[in-house]
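> In case you want the letters, here they are:
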Amino acid sequence: MSGKRIWNKAILLVAASMMIVSILTACRGGAEAPVTPQAKTMDDVAKGRVGVLLGTVYDTYLQKNYPNAQVLQYKNYPDLILAVQSEKVDSGFINCQAFKELQKENPFLVTLVTDVFTNPVGVGFNQENDALREEFNAFLAGIKSDGVYDDWYQRWIKNGNYAMPVIENPKNNGKLVVGIVSDKGYPFTVLENNKLVGSDIEIIERFGAYLKKEVVFSDMEFGGLIAAVSTNKVEMIVSTIMITDERKKQVDFSDPYFELSACVMGAKKESETARKEAPSFFQGVADSFYNNIIAENRYLLIVDGIKTTGVISVFAILFGTLLGALICFMRMSRQWLAQGVAKIYISVIRGIPVLVLLMLIFYVVFARVDVNPVVAAILAFGVNFAAYVSEMFRASIESIDKGQTEAGIAGGFTKAQTFIYIVMPQAIRRVLPVYKGELITLVKMTSIVGYIAVQDLTKASDIIRSRTFDAFFPLIMTAVLYFCISWLLLWLLDMAEQKTALKRSASKTNG
Amino acid sequence: MITVEHLSKKFGNFSVLKDINAEIKKGEVISIIGPSGTGKSTFLRCLNLLEQPSGGHIVIDGEDILKKGVNVPKLRQKMGMVFQSFNLYEHLTVMGNVTLGPIKLRGQGKKEAEEKAAELLRMVGLSEKADSYPDELSGGQKQRVAIARCLAMEPEIILFDEPTSALDPTMISEVLAVIRRLAKNGMTMAIVTHEMDFARDVSTRVFYMDEGFIYEEGSPKDIFESPQKEKTRAFIQRLRILKHEIGSQHFDLYKLNADIEAFCAKHTIDKSIVGNILLIAEETLVNMLLPLKKEGQIISLALEYAEKRGEFQMVLGYPGEVYNPMLDEGGDNLALMIVKKKTKNIQHSYSNGINQLLISM
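Respectively, the protein sequence lines represent chains D and Z.
For the first sequence, the positions run 1 to 511 when the working numbering is used.
For the second sequence, the positions run 1 to 361 when the working numbering is used.
Keep in mind the hints are simulated off the structure, nothing from the lab.
Be aware that one or more of the hints could be misleading.
[Said to hold, decoys possible] Computed Cβ-Cβ distance ranges for the label pairs, DEER-style:
| # | chain 1 | residue 1 | chain 2 | residue 2 | range |
| --- | --- | --- | --- | --- | --- |
| 1 | D | Leu360 | Z | Gly55 | 49 to 55 Å |
| 2 | D | Glu398 | Z | Gly55 | 28 to 34 Å |
| 3 | D | Val365 | Z | Gly55 | 50 to 56 Å |
| 4 | D | Arg430 | Z | Glu156 | 33 to 39 Å |
| 5 | D | Val341 | Z | Glu63 | 38 to 44 Å |
| 6 | D | Ile352 | Z | Gly55 | 47 to 53 Å |
| 7 | D | Asn232 | Z | Lys110 | 33 to 39 Å |
| 8 | Z | Thr268 | D | Gly437 | 32 to 38 Å |
| 9 | D | Gly437 | Z | Lys110 | 33 to 39 Å |
| 10 | Z | Asp135 | D | Val365 | 29 to 35 Å |
[Claimed, not checked] Within a straight-line C-alpha distance of at most 30 Å, the following computed BS3-like cross-link-like pairs (lysine-lysine) qualify:
| # | chain 1 | residue 1 | chain 2 | residue 2 |
| --- | --- | --- | --- | --- |
| 11 | Z | Lys255 | D | Lys402 |
| 12 | D | Lys402 | Z | Lys67 |
| 13 | Z | Lys111 | D | Lys499 |
[Stated by the list, open to error] Interface residues of chain Z toward chain D, partial, derived using beta-carbon atoms under 7 Å:
| # | residue |
| --- | --- |
| 14 | Gln52 |
| 15 | Asn71 |
| 16 | Pro73 |
| 17 | Arg76 |
Every residue gets a Cβ at the ideal spot worked out from N, C-alpha and C, and that includes glycine.
Could you put the whole structure together from the sequences, leaning on the hints where they help?
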């Protein structure tokens, strides 16, 4: 009956959110950057705050050579660049090859120190998979001798020519699962027109063709690569991984396929930047909208992300609610064993951060099983959700007056009938408000699934950010979309709630 | 219909019901009365096994329901129960409350159940409230719905557990009227109640429970007009008792007086009556009994106040030979005159070497 009104409301909400996005996006240009002296040597750099990428060799390098430096770690390049731009750090470590590319799109970036050190880059394999590693080394030696490697090096690393060559692959020899990081950036790995390209991608595709295997990419966080290959989730990992002693303990590396050098970047001082004429408000919003959503069909990424987030949320809620009901039943049982199991379950699961739980389930519980990461995510969030809602269920059931149960029992209902017809309808009504809150928490919590190579809404926005380096618009758009998903789920729940609610208001108005 | 043999119930080490033997026949209305905490409700709740008895037998229509394998829920469908706190299903309307059992348990169709329910609601005077929720009703209305809910299951007996204790006085009568009507129609009922007048009017038999068993039972006339046992009498007449023992010739008269005054103050007794009581106590004790008391003997004094009738009775017990000071012409005549003047009636009895003087005021 009020469906139309609800949709009107929804449209209004989205419009309002977009306004906020626009205002925030348009206003950021006005931020004044404080003036800081520009470092010229590593000693100068080490005096300030240095940003590095999480799980890279730069951190180790700094700790070894400049133990007093203040190091801040970031998850991906867009975050790091944002930090440099907004002066959260004074300088940032980055490999020189990627930096060349980044400078093109971010003119405010300057080189502070070049070629601090170099490090060989290799492909990682499971330590028990010598055969594949040997094959890769043979393949590498092959392309080095027939000139393909030189051509590859010239094109990607030296000249910055990003055209992917066509690689013939009969694909009649099964599959090759490769762990990558899709938002690594030019020239290594990027998603262009929703297709993976880059130097690493070409190497992988060529190796796949060499083996006549179809390449299956598994996209994950850089920090998750090594865990993934050591638990055989993927057969090899390729993401311009620098070969270090520490990493060698976990995985075996191929022969190096090129040397990566480290640079230090900083932001231009305000005086040095000829401030661009700020585009008009609507022009700014329109540009951001075009770059982040329309260009290269990026909305497809977002749509897929929303689908994934939605699927994980909905199934985790269903699974978690059922499991929660079971745990609640066990917790309230008089049997000490069931009760004990439930108690331990609740306290253990509630004591583990959900991110850790997610990684544990994917990398440890399913270490030897080939499981779809979306399923693992549903399991992890469901298991977590169950621990919380089971206690909510218990609290609401226990809050129902004992007299209700007694009346049912005395009226001739069995215990089960009393619960179903009398206690449960009342308990559901009481639990709904807190349950809704927990449900929203779950939806938002799914934003960490990127850690196990699931491309959800957050990951999609990360990928877009890695391409456009527009930090604000994708973030705020993501925020709005999460809000909409939660809102939609709550709306569905409200529909369900109206069925359990007392029809009091109706009876009042009619009579 | 229901026979109870040697029923007992313990909560931990605490024995609530000790040895209950009773029989309830079809068509009887049993009132269960007695002081608080003597197991009346527990007894009732044992009958439909809301409390699992610790021992004994409950035989319904020849079947011992405490045996294993008895379909207890099925049995309870034939035994309605009305609670002190109503316990209406909060999430259902009045109509829903009355029809839930018939639909879910007796397989009645919705329409059939609602027609029957409407009839019952008319009977308890709540036709208008069929679509209301319990929290929109007054206590008396809720309790009447609860009764209709029981009746919808067409029970063979209804157990009432203090049905009016949670009601304020203005609503008690509407509920009692419905129960009276059921009694008139021949419904078998067991009612735990504190409404003595109601119990006297409506019941065919009364159980007086005390100390965890049926202390005395009988017709309402027997129990309410001539209770045989001391505790029953004390309860029925709502006696308030002050006891005092005098062991020494030189006892503390002022302490006794102070105790009597405090006792009277507690029960808001009129000043002039208090004066009379003090006077009679002093005259009888000091001037009549104490002079005769031998070393080691104890005189007991009990002051009973029957709240219901507003009457006082003093009971004096003293050992020795048969002796009624009221017949003693040679004693202190002035004291005798005062006592006789201030009292209605004085009775003397003697048994087991103890004289008892009953002084009614």
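> So, for every hint listed, does it hold in this structure?
Here is how each hint holds up against the structure:
1. D/Leu360 / Z/Gly55: 49 to 55 Å: holds, 54 Å
2. D/Glu398 / Z/Gly55: 28 to 34 Å: holds, 31 Å
3. D/Val365 / Z/Gly55: 50 to 56 Å: For D/Val365 and Z/Gly55 the Cβ distance comes to about 52 Å; the hint holds.
4. D/Arg430 / Z/Glu156: 33 to 39 Å: With Cβ atoms ~36 Å apart, the hint holds.
5. D/Val341 / Z/Glu63: 38 to 44 Å: At roughly 39 Å between Cβ atoms, Z/Glu63 and D/Val341 fall inside 38 to 44 Å, so the hint holds.
6. D/Ile352 / Z/Gly55: 47 to 53 Å: holds, 50 Å
7. D/Asn232 / Z/Lys110: 33 to 39 Å: violated, 60 Å
8. Z/Thr268 / D/Gly437: 32 to 38 Å: The hinted range 32 to 38 Å is violated for Z/Thr268 and D/Gly437, with Cβ atoms some 57 Å apart.
9. D/Gly437 / Z/Lys110: 33 to 39 Å: holds, 37 Å
10. Z/Asp135 / D/Val365: 29 to 35 Å: violated, 48 Å
11. Z/Lys255 / D/Lys402: violated, 50 Å
12. D/Lys402 / Z/Lys67: holds, 26 Å
13. Z/Lys111 / D/Lys499: Holds, because 21 Å separates the two Cα atoms, which is no more than 30 Å.
14. Gln52: Check failed: Cβ of Z/Gln52 comes no nearer than 12 Å to chain D, outside 7 Å.
15. Asn71: violated, 10 Å
16. Pro73: Where the cut-off is 7 Å and the nearest Cβ of chain D is about 5 Å from Z/Pro73, the hint holds.
17. Arg76: Hint holds; Z/Arg76 Cβ to chain D Cβ min 4 Å, cut 7 Å.
Hints 7, 8, 10, 11, 14, 15 from the list above are not met by this structure, while the remaining hints are.
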